[in-house]
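K.L.:
For reference, the chains in residue letters:
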Amino acid sequence: MTSQSVVRVENASVRYNKDLVVDSVSFEVAGGSVFALLGRNGAGKSSLIRCLLGLQRPTTGRVLVFGEDVWKHRARLMARSAYVPEACDAPGQLRVRDIVAFHRSMYATWNEGAVRERLNRFGVSESAAVSALSKGQRALFTLALALGNRPELLVLDDPTLGLDVVARNDFFSDFIGELADRGTTVILTTHDLAGVEGIADRVGILQGAHLALDGDVEQLKMERGQSLEQIFTEVTKGSGRKS
Amino acid sequence: MTPPRTEPWTSRIPVQPADPRPIWSQIEEGLRRLLASSALVPGDAVPSVRDLATDLRINPATVSKAYQRLVGAGLLEVRRGDGTYVSAAPPLVRKSEQARVIRQAAMNFASHAITHGAELATAQGALELAWNELSNNEEGAGR
Amino acid sequence: MNKILAVALLDIRRLGFGVLSGALIAGLVPALSRGVGGNVPADFIVMMALGVVGLAVGGNFGTDFTDGRASFFFARPLQTPALILGRCLALVVLATAAFVAVMSSHWLSTSDRTHWDFFILTWWHLAALGTGFSLSLAGSLNVASRVRGDRSPNRLRDAILIPVRLTLYLSAFILVFGLFADILVRAYQSPTPMKLFAGSWVVGLFIASVVAIVAGRADRIRISRFQSLVVYTQLGLTSAFLVGAWTYILHPGPAAIQRVLFVQGSPDGRSAFVQTTVDRGDPGTLNPVFVLDLASGQARRLNSDPWGGPWLSSDGRTLVWSEATPFFFRPIWRLLGGATTLRVRDGSGDVQPLSMPAGVNDGFQPSAIFGGMVDVVQPSPQGDVFAVQWERRLAFFSRSRGEGPEVKLGPGKARLRGSAFIASGDLRVALVREGASPSLVEFFDIDPNSGTLKPIDSVEAGERRNLTRVQFNSNATLALLTSSGANMARASVTLVSLDTAAGFPRATTLLTDAASPRAIFLADGRIAAVSGVRDQSVLKVFSPTGQPVRDTALGEGVSSLDGEMFPGLVAIDHSGSGIRRELVLLDCTTGSAVRRVPEMRSPLGIAAILGPGQIPPPGTAGARLLQSDGKLFELPSVTAEPRLLLPLPKTE
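Residue numbers (the working numbering), protein chains in the order written: chain A, 1 to 243; chain D, 1 to 143; chain F, 1 to 652.
Simulated from the structure, these hints should not be mistaken for laboratory data. Note that beta-carbon positions come from the ideal geometry of N, C-alpha and C, so glycine has one too. Treat the hints with care, as some may be off.
[Claimed, not checked] Distance ranges between label pairs, derived from CB positions:
no. : chain 1 : residue 1 : chain 2 : residue 2 : range
1   : A       : R182      : F       : V203      : 44 to 50 Å
2   : D       : L134      : A       : N169      : 31 to 37 Å
3   : F       : V203      : A       : R97       : 34 to 40 Å
4   : F       : S104      : A       : S127      : 25 to 31 Å
5   : D       : A126      : A       : V166      : 39 to 45 Å
6   : A       : E28       : F       : I207      : 38 to 44 Å
[What the hints assert, rightly or not] Residues from chain F that keep clear of chain A, each with C-beta distances beyond 10 Å, as calculated:
no. : residue
7   : K195
8   : V210
9   : R506
All chains, please: the whole structure from these sequences, using the hints.
P.N.:
Take a look at the structure:
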């Protein structure tokens, strides 16, 4: 993988009316690396994730994906990317196979066989309606869809939230397989600090709308002599957004 | 021949993500220990990057880095299309190289012991204990 | 193209079952309704079905922008225009399917095979589809793009801002719809402007949604911002357009006059009030009033309501009219204590509002809401006192003293049949009381200051039961009573003398056999009237005491007396089958016709009906007006050619 950054965030701010949720955040994610974006609830992680995908325009600053402004060239850049949202975003009344068919027409790099195989493995029936799937199945379904276009960039928003152990394991094995096979660049947000500790190369901690910490995981751990969880707790101490 | 998978790799290479030491370093050390205690013998296959990463639930790049170091140190070798194996023979290391490595390890050990307020005797005792343990394993595995 | 189809397919799959089953059931409704004695036409069902399809697809689209759903479409290599086109394609497909389903089940369920026709699709159906889609898309998009707001509201700032904003919105709304309503009521009584207006909003909302989606994609703040931007722009443009349209349409200049409908010479003879059609608006509805200065030929628009007035004092200085203020604003204006619609302009040009009588606002009639309507405003000769008649009531207003007394015309219902200001300043009136027995015509003098009635005389109505008019002569010592008869040939004219010292009988019947009673006082005191029926009309001239002086046969056809155009010369309107219409100027002394003007009519005949004391004196320009085919002419002298006044002659 190239060492050139696949994602570059330049002074991005996100403001909702009076709320400044993200304040001049900048970071880079190198190709083939795994970047974990951490923060307390409501810290602005989801807003930042939306900016990374061209779903939202940062109030100021810009986000570059594969070297281009993702807000301006969203459609083109999304062909090489995939998104695993926190909750399945597909319309509930539709069937699994309808959603798969929709994705097939969206992507030139669609790997139908791999998707079918994954769904089989996860026990997701093609004729089931999305709303009829269990929570775990829905999460695996979303992951299977996301991996279906062989993305170069994978963005995950709290992917293992609410998954049981078995589902989590399934998730991890496929996920790690992607990393091993293709060196996919990954950006993820999570609350599962222990789970992400081994996966992430770099970590960024959003605190008070700023990126309070941004660095190599192992380096940080060595410098501070703390686990990731301890580092996180210390950096976000006494925060929690005013609600 | 493959080592009998009686236990998953997670227990043979105890990797603690919460441990401040870099994970690749923990893997490297774990594999070295297995090699030293003859739990892994030359010719044994080590798990693929993907399998080990999946088992340990860590980034394959991290596993890859550890393997690369061990390959660089001559302890592992990659056979194209086949997998990664323990090297057939221990590396021929120049005496000077060997001396340098040993001295560095000793320096590490000594500084650890001194900063933790141990006496030389205590340190020497610990060294003997570890040497014995590893040798015992070797004997055990040979059976 | 592939992607557009994929998007459309998703929508079709989501809504297809519901739409089809609903449409099939809906198609049965006409047959079922007939079964229970109702009548729901298939046309209506189709419209409803298509409207619902529009609502469903639009609502579906908008709700896909909620948090947690928008990423499904936008985190994909799908261009925003393709997304929109895909939804529109789904709309068309679903609408077609619904239409076929409705028609099929309707056809199968009824025996009425004659209506099996695919071409019953009308614009209304498509409008229902488009409106449903546009409205639900705009609404659901708005709701979906609500973002969590300000977390720390500034109460003080809100307390000031919110009322200010509400006031602004309300004012804009009232302005827009008020002006629009005014244009509709005054200038276009057809539904087309309403349709255009509603259509422009449906289209505008759709454009707002499309712009918001293209510019905002999944960014909800941007979506709501752009939606608001387009909607406010449209509101602004519409308001500006409406203000412009209102100004242009309802304020035409004299150059816009196309036809003259209605003419009234002023009582000083120097001006004419004309009601016209102009080059804008609906000619049947918009009839602006202009004041034409007969000496200069200059016309100026009078912002007057087209019914009633204007009224000019006989010295020609004081003008009263009902100002055509926007209807919609009148109740608000009145609530604020503002003046009503009557205006007075005195000799110096100063315009003042003239209060309406308090009683005018009573009741729930539209006239009460929209400013009330007075029937007649009669200025005194000097223009200082006004006698206002409305709904069989009478009140006086004085400019110096404001609202004056209302006159009690009772007991019982009394109708005012004639009125004239006399030299003493009193108003002399002729009243007929309903249901009184015997029925009388009673004459009173009313003091404008106190409103008290001083009885002068009364005359038996008798045959004059259907009294149409009472005309007074110049000093109100004589009155002409004209009444229509039970049948065509029994109209009568009676001369009444109110001056007991005059020495001739109180009531003299002049005619009893007029087809239509037209009688006038000539300037020199003589009386002229036309009697007899078609082909046998006779102009009768009487002395000031009621003695017959001369009869002149008027020949074939129908003749009616319009008025005294030149001193001693009366204008007779002569028409009939096979006879070319013409105006005949007849000398009352000699009985000879001194001039015939073809195709022309004189407006003098209507003037007397409109307003007491509003007849231009003979020989003045106002009396010499002629009308023909929508044009207004002046007859400069008995022998001269008519001169065109309006429409304005081209100055090329």
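K.L.:
Does each hint fit the structure? Answer for all of them.
P.N.:
Hint by hint, here is what the structure shows:
Evaluation of the 44 to 50 Å hint for R182 (chain A) and V203 (chain F) yields a pass: the beta carbon distance comes to about 49 Å. With their beta carbons about 33 Å apart, L134 (chain D) and N169 (chain A) fall inside the hinted range of 31 to 37 Å. Under the hint 34 to 40 Å, the C-beta atoms of V203 (chain F) and R97 (chain A), about 38 Å apart, fit the expected range. At about 29 Å, the CB distance of S104 (chain F) to S127 (chain A) agrees with the hint of 25 to 31 Å.
Evaluation of the 39 to 45 Å hint for A126 (chain D) and V166 (chain A) yields a pass: the beta carbon distance comes to about 43 Å. For E28 (chain A) and I207 (chain F), the hinted distance range of 38 to 44 Å is satisfied, since their beta carbons lie about 40 Å from each other. Under the 10 Å C-beta cut-off, the non-interface status given to K195 (chain F) relative to chain A holds; the minimum distance is some 36 Å. No Cβ of chain A comes within 10 Å of the Cβ of V210 (chain F); the nearest lies about 17 Å off, and the non-interface call holds.
Against the 10 Å criterion, R506 (chain F) stays outside the reach of chain A, whose nearest CB is about 89 Å from its own CB.
Violated hints are absent here; each numbered hint is respected by the structure.
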